[in-house]
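2 protein chains.
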Amino acid sequence: MYTLMRTHNCGTLCKEHLQQTVTLMGWVHRRRDHGGVIFIDLRDRFGLTQVVFRPECDPHMHQLAGSLRQEFVIAIQGMVIARDAQMINTKLVTGEIEVEAHHLTILSKAKTPPFSICDEALNVNEELRLKYRYLDIRRGEIAKNLVMRHKAMLAARNFLNSRGFLEVTTPILAKSTPEGARDYLVPSRVTPGSFYALPQSPQLFKQLLMIAGMDRYFQIAPCFRDEDLRADRQPEFHQIDIELSFSNQETFLPLIEELVVSVFKETIGQELFPPFRRMPYKEALETYGTDKPDLRFGMPLQRLDSLVQRSEFAVFQQALKDKGCIKGICVKAAEQLSRKQIENYTDLVGRFGAPGLAWMRMTPEGLSSNITKFFDPSLLTEIATTMQAESGDLVFFVAASEEIVNQSLDHLRRQLAKDLNLIGPGYEFVWITEFPLLLWDDQMQRYECSPHPFTAPYHEDIPLIETDPLSVRSASYDLVCNGYEIGGGSCRIFERELQQRIFNLLKLSTEEMQHRFGFFLEALQYGTPPHMGLAFGLDRLVMLLAQTDNIRDVIAFPKTQRAADLMLEAPSDVTHEQLRELKIYVEQTPKGG
Amino acid sequence: MYTLMRTHNCGTLCKEHLQQTVTLMGWVHRRRDHGGVIFIDLRDRFGLTQVVFRPECDPHMHQLAGSLRQEFVIAIQGMVIARDAQMINTKLVTGEIEVEAHHLTILSKAKTPPFSICDEALNVNEELRLKYRYLDIRRGEIAKNLVMRHKAMLAARNFLNSRGFLEVTTPILAKSTPEGARDYLVPSRVTPGSFYALPQSPQLFKQLLMIAGMDRYFQIAPCFRDEDLRADRQPEFHQIDIELSFSNQETFLPLIEELVVSVFKETIGQELFPPFRRMPYKEALETYGTDKPDLRFGMPLQRLDSLVQRSEFAVFQQALKDKGCIKGICVKAAEQLSRKQIENYTDLVGRFGAPGLAWMRMTPEGLSSNITKFFDPSLLTEIATTMQAESGDLVFFVAASEEIVNQSLDHLRRQLAKDLNLIGPGYEFVWITEFPLLLWDDQMQRYECSPHPFTAPYHEDIPLIETDPLSVRSASYDLVCNGYEIGGGSCRIFERELQQRIFNLLKLSTEEMQHRFGFFLEALQYGTPPHMGLAFGLDRLVMLLAQTDNIRDVIAFPKTQRAADLMLEAPSDVTHEQLRELKIYVEQTPKGG
Numbered sequence: 077m078y079t080l081m082r083t084h085n086c087g088t089l090c091k092e093h094l095q096q097t098v099t100l101m102g103w104v105h106r107r108r109d110h111g112g113v114i115f116i117d118l119r120d121r122f123g124l125t126q127v128v129f130r131p132e133c134d135p136h137m138h139q140l141a142g143s144l145r146q147e148f149v150i151a152i153q154g155m156v157i158a159r160d161a162q163m164i165n166t167k168l169v170t171g172e173i174e175v176e177a178h179h180l181t182i183l184s185k186a187k188t189p190p191f192s193i194c195d196e197a198l199n200v201n202e203e204l205r206l207k208y209r210y211l212d213i214r215r216g217e218i219a220k221n222l223v224m225r226h227k228a229m230l231a232a233r234n235f236l237n238s239r240g241f242l243e244v245t246t247p248i249l250a251k252s253t254p255e256g257a258r259d260y261l262v263p264s265r266v267t268p269g270s271f272y273a274l275p276q277s278p279q280l281f282k283q284l285l286m287i288a289g290m291d292r293y294f295q296i297a298p299c300f301r302d303e304d305l306r307a308d309r310q311p312e313f314h315q316i317d318i319e320l321s322f323s324n325q326e327t328f329l330p331l332i333e334e335l336v337v338s339v340f341k342e343t344i345g346q347e348l349f350p351p352f353r354r355m356p357y358k359e360a361l362e363t364y365g366t367d368k369p370d371l372r373f374g375m376p377l378q379r380l381d382s383l384v385q386r387s388e389f390a391v392f393q394q395a396l397k398d399k400g401c402i403k404g405i406c407v408k409a410a411e412q413l414s415r416k417q418i419e420n421y422t423d424l425v426g427r428f429g430a431p432g433l434a435w436m437r438m439t440p441e442g443l444s445s446n447i448t449k450f451f452d453p454s455l456l457t458e459i460a461t462t463m464q465a466e467s468g469d470l471v472f473f474v475a476a477s478e479e480i481v482n483q484s485l486d487h488l489r490r491q492l493a494k495d496l497n498l499i500g501p502g503y504e505f506v507w508i509t510e511f512p513l514l515l516w517d518d519q520m521q522r523y524e525c526s527p528h529p530f531t532a533p534y535h536e537d538i539p540l541i542e543t544d545p546l547s548v549r550s551a552s553y554d555l556v557c558n559g560y561e562i563g564g565g566s567c568r569i570f571e572r573e574l575q576q577r578i579f580n581l582l583k584l585s586t587e588e589m590q591h592r593f594g595f596f597l598e599a600l601q602y603g604t605p606p607h608m609g610l611a612f613g614l615d616r617l618v619m620l621l622a623q624t625d626n627i628r629d630v631i632a633f634p635k636t637q638r639a640a641d642l643m644l645e646a647p648s649d650v651t652h653e654q655l656r657e658l659k660i661y662v663e664q665t666p667k668g669g
Numbered sequence: 077m078y079t080l081m082r083t084h085n086c087g088t089l090c091k092e093h094l095q096q097t098v099t100l101m102g103w104v105h106r107r108r109d110h111g112g113v114i115f116i117d118l119r120d121r122f123g124l125t126q127v128v129f130r131p132e133c134d135p136h137m138h139q140l141a142g143s144l145r146q147e148f149v150i151a152i153q154g155m156v157i158a159r160d161a162q163m164i165n166t167k168l169v170t171g172e173i174e175v176e177a178h179h180l181t182i183l184s185k186a187k188t189p190p191f192s193i194c195d196e197a198l199n200v201n202e203e204l205r206l207k208y209r210y211l212d213i214r215r216g217e218i219a220k221n222l223v224m225r226h227k228a229m230l231a232a233r234n235f236l237n238s239r240g241f242l243e244v245t246t247p248i249l250a251k252s253t254p255e256g257a258r259d260y261l262v263p264s265r266v267t268p269g270s271f272y273a274l275p276q277s278p279q280l281f282k283q284l285l286m287i288a289g290m291d292r293y294f295q296i297a298p299c300f301r302d303e304d305l306r307a308d309r310q311p312e313f314h315q316i317d318i319e320l321s322f323s324n325q326e327t328f329l330p331l332i333e334e335l336v337v338s339v340f341k342e343t344i345g346q347e348l349f350p351p352f353r354r355m356p357y358k359e360a361l362e363t364y365g366t367d368k369p370d371l372r373f374g375m376p377l378q379r380l381d382s383l384v385q386r387s388e389f390a391v392f393q394q395a396l397k398d399k400g401c402i403k404g405i406c407v408k409a410a411e412q413l414s415r416k417q418i419e420n421y422t423d424l425v426g427r428f429g430a431p432g433l434a435w436m437r438m439t440p441e442g443l444s445s446n447i448t449k450f451f452d453p454s455l456l457t458e459i460a461t462t463m464q465a466e467s468g469d470l471v472f473f474v475a476a477s478e479e480i481v482n483q484s485l486d487h488l489r490r491q492l493a494k495d496l497n498l499i500g501p502g503y504e505f506v507w508i509t510e511f512p513l514l515l516w517d518d519q520m521q522r523y524e525c526s527p528h529p530f531t532a533p534y535h536e537d538i539p540l541i542e543t544d545p546l547s548v549r550s551a552s553y554d555l556v557c558n559g560y561e562i563g564g565g566s567c568r569i570f571e572r573e574l575q576q577r578i579f580n581l582l583k584l585s586t587e588e589m590q591h592r593f594g595f596f597l598e599a600l601q602y603g604t605p606p607h608m609g610l611a612f613g614l615d616r617l618v619m620l621l622a623q624t625d626n627i628r629d630v631i632a633f634p635k636t637q638r639a640a641d642l643m644l645e646a647p648s649d650v651t652h653e654q655l656r657e658l659k660i661y662v663e664q665t666p667k668g669g
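Just so you know, the protein sequences line up as chains A and B, in that order. Numbering of the first sequence is given in this note's numbering, commencing with residue 77 and proceeding in unit increments. Numbering of the second sequence is given in this note's numbering, commencing with residue 77 and proceeding in unit increments.
Each hint should be verified, as a subset may be incorrect.
Since the list gives no way to pick out one identical chain from another, each pair is judged satisfied if it fits inside one copy or across any two copies.
Said to hold, decoys possible - When the alpha-carbon atoms are kept at most 30 Å apart in a straight line, the in silico BS3-like pairs for lysine-lysine are as follows:
{"id": "1", "residue 1": "187", "residue 2": "358"}
{"id": "2", "residue 1": "449", "residue 2": "91"}
{"id": "3", "residue 1": "583", "residue 2": "207"}
{"id": "4", "residue 1": "659", "residue 2": "207"}
{"id": "5", "residue 1": "227", "residue 2": "341"}
{"id": "6", "residue 1": "185", "residue 2": "207"}
{"id": "7", "residue 1": "583", "residue 2": "358"}
{"id": "8", "residue 1": "368", "residue 2": "408"}
{"id": "9", "residue 1": "583", "residue 2": "187"}
{"id": "10", "residue 1": "659", "residue 2": "167"}
{"id": "11", "residue 1": "185", "residue 2": "341"}
{"id": "12", "residue 1": "583", "residue 2": "167"}
{"id": "13", "residue 1": "583", "residue 2": "659"}
{"id": "14", "residue 1": "659", "residue 2": "368"}
{"id": "15", "residue 1": "185", "residue 2": "583"}
{"id": "16", "residue 1": "91", "residue 2": "659"}
{"id": "17", "residue 1": "408", "residue 2": "187"}
{"id": "18", "residue 1": "397", "residue 2": "659"}
{"id": "19", "residue 1": "408", "residue 2": "449"}
{"id": "20", "residue 1": "341", "residue 2": "167"}
{"id": "21", "residue 1": "220", "residue 2": "494"}
Honestly, the hints are just simulated from the structure, not real lab data. A quick note: this is a predicted structure, and the numbers were derived from the prediction, not measured.
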């Protein structure tokens, strides 16, 4: 088995190889028998090659070929010949040739797979695909994404290396310093009762590397969060994690843009054209209802508070009284939207708490609907002008609290764009800047930092930290593409005293602060350079490149939303001996499914 | 702080920059005051630049410079000027210039560090260095190793990419399938009582990727073993992990040699000259007493059984009677070895169980010592000839069991080479081949696979699996350099039936086999290509490149031999809430130190 060598893979042979004797190895993708001649599509990761077994060439070989089943692994030797003109397959690199087999070796037989490998259209249940992940990868789509992921990682590494960044590997057996999500814990055997935690990100390590003087760091880092998973999350994921010293936003953001340009170019050949737009957080919320605006299409939200204040529409009036707001969205050439669809959209915004979805159609005579009677004609004209509504357009309104208005109109806007095919091709990037440094957690009755307490406030806002915390902007920046946040970063606090003020604001007790971050507060005192950084979600980035919405499509061996690996059957039982060595007990409860 | 930009780093300025105005940022490495003029060595990762503060330039700045202490982080603007001829430092790139400061900003003050950063010769206690790792890195040596590690990783990735290998990331939350070491476990919150395990290596994942048809895989993979650590081990470490299908040893080993050539060239500029030597396991043990021979020097072991059989030396006779052996080692020009040293060597071999260390000196009159009386003169001549002993040489003998003879003479040989400065420069590689597939574990009374049960036996030895297991050779290969194993790999079993036979031999119960490897045995049935692979110990490789014997010198944030991170203080306590969510209890025992 180990002496035969393939001369080519299954995706390369073409007319220039005619009359050459070749050795191919791969999987039996399809078999067809035509009047005593057996045709095999031989498959490997690189492509398909048609192989012909003729009885007159070698009856024994031909008979063996007759025993071939789907997914057998074989080696064949043979000669490259031209296909008959009518058999040419222009969709394949190898579509002009076939290999006439002289010799066949069966390397490995195969049981019938639980689902077809060769039927590309077949819609296989995802649980089955995950259990037999190795077979699903053979079907091609996942393999293609893994190639893309490989290329993206390598492009990022080479770009960052070319700019003087060093990849430094940081520990995975680290310390529990919860960053807003739950840690995965690892019991220590050597120090029973103590635990490591898997890192939610290398945040503190990379800042320590800056304190260590490493100047420019990166890492494609595994990160872990024990969260109840949403569809687009995994318990382990990867970040392209970057940090640098002695820089500033005006130098750093263009550098990151170049990185993105390089990754898109090297991975999918897509040209991008920086500089990317920038948009303050407030503007994004005001205009798109979200800090992750999809800019591949228009339909901005318009605030109508001052206009509709002059109407007699009780719903709008009430919303304003309740300190809410009214925003509208204008759908161009929306004649095709039926009442039924409008009802669906009403349901959609309802799911985000909107009490209703008002609408008006723009006709040659002006805005018209069953609520226009509450509006002066001149007011309607002003609304139409503000909304830039033209005849045939439809204007939707939501009146509620600011948060509900934004959330529901954001979702409505994106749904409309999908339904009306308004989404342009390509990639639209935008930097969202000037995030608020702090959020108020109503349930916990305290401030929270987003995303983490190491983000520097805007220099000019520092005096407001104690007096008006919620108005303090952070020196942070998220990179958003096509409505997805693909990266986020900030300038970091590099003064111990300022870091302490932030921790105080978070109501961390001195003890807790010491236990969780003592080593870091200590480190900050020995000469910390100004530093900043950013992390890309690698999985999210590859999803964009591969144009899939399923994070499991870009990971070789992903986990389900219940954090299970269906192929490995992990997590699993372990032996009593293993637990005894760790000195831990498991609570005895009936196991959940 | 974030508006000032450095124009150069501290390792670049030279005569070509004379008269340029520059901005530098970095750490105060040393300060010297000379007659009112203050000199600062400013440091960053790239080097040192001398900065001069003159009172006549700006008295306020000069006063501020007077407040600078070690490790303050500062930014300076100034002009590059030539140093006085007698002040030129030829050891520094920047040694011909200095920067006359016009402006000084203190970016960050620093407490006095717990050990000096600038005193290179200072021997700091390793525990203190680990606690303040970020300061230790600033001292330069570790930083240099981390740069080397970065370069080695990137060179490996680019080489493997150029040969069609894809980097595929495999799970870290995996399944407990102990591979001879203890697993680190991670309790599952979603499925209480179940555990993930951190992978000891991606072995099964990479084989599954071959079954998935990925053809050529690599990964720089984090691996975990919960072992009682030896000096050169870490609980987490990295492997350059490689697997490929449809290849064979004669193609694969040269490819790996090219990889090593590329890494050494790109990382330290060292040229290597493949092909590397190959040596069967048996020959390595016979000639060097070890399967990791250091070939930078000679001193092979010589078996003397048949010769000394003819002597009357009772010690040798007894060893032969006990089915042991006698081997000798000849030390060239060993006049300088004193009796005292020989006594030390006797102690050394004693530590490995040798009952004694016999020796003879070669004089112009032949071999001479207090035991030569037991040997015929002609026999002494034959021994001298076999040992290739020349006048002035010293021959050592150990007589004991084969294992003790090999171990003790291996260590003696290496110690002698160190003591006598026989170790040549550079790197001597050798492939060790034809390892035994199985070892007999006397304690457990069963066979064990080394390194893992997926290694293929030599094809021609397969019939011996049940009849004479210990004589079965494996299709495996270790790459040894300068006495260290830096990589190991093998052809893998790709037939389910053969894999089952090996598991049977290991006395795995059907249930255990199913629980641990069921998914893999299942996968083997769906068409498995012949495949093979190898893993390099990245840490070990970088140790060789950096020429250090301490694995902690090549890892940014290493752990101690008690698996503790002294900087983080990990592992650590976690909250009751965290354990409650995982439904686990810790056994209440007084904590160990």
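Results of checking the hints against the structure:
1. 187 <-> 358: Classified as neither; 59 Å inside a copy, 40 Å across copies.
2. 449 <-> 91: neither (74 Å within a copy, 82 Å between copies)
3. 583 <-> 207: Between. Shortest inter-copy distance 28 Å satisfies the 30 Å Cα cut-off; intra-copy 46 Å does not.
4. 659 <-> 207: between (33 Å within a copy, 27 Å between copies)
5. 227 <-> 341: both (10 Å within a copy, 24 Å between copies)
6. 185 <-> 207: Within. Shortest intra-copy distance 20 Å satisfies the 30 Å Cα cut-off; inter-copy 56 Å does not.
7. 583 <-> 358: within (27 Å within a copy, 67 Å between copies)
8. 368 <-> 408: within (22 Å within a copy, 75 Å between copies)
9. 583 <-> 187: between (61 Å within a copy, 27 Å between copies)
10. 659 <-> 167: neither (61 Å within a copy, 56 Å between copies)
11. 185 <-> 341: Classified as neither; 41 Å inside a copy, 43 Å across copies.
12. 583 <-> 167: neither (64 Å within a copy, 52 Å between copies)
13. 583 <-> 659: between (34 Å within a copy, 28 Å between copies)
14. 659 <-> 368: neither (46 Å within a copy, 37 Å between copies)
15. 185 <-> 583: For residue 185 and residue 583, the Cα distance is within 30 Å only across copies (27 Å; inside one copy 64 Å).
16. 91 <-> 659: Neither: 67 Å inside a copy, 65 Å across copies.
17. 408 <-> 187: neither (56 Å within a copy, 64 Å between copies)
18. 397 <-> 659: neither (61 Å within a copy, 49 Å between copies)
19. 408 <-> 449: Cα proximity of residue 408 and residue 449: one copy only (23 Å, versus 111 Å across).
20. 341 <-> 167: within (24 Å within a copy, 42 Å between copies)
21. 220 <-> 494: Within one copy only: 26 Å inside a chain, 53 Å across chains, cut-off 30 Å.
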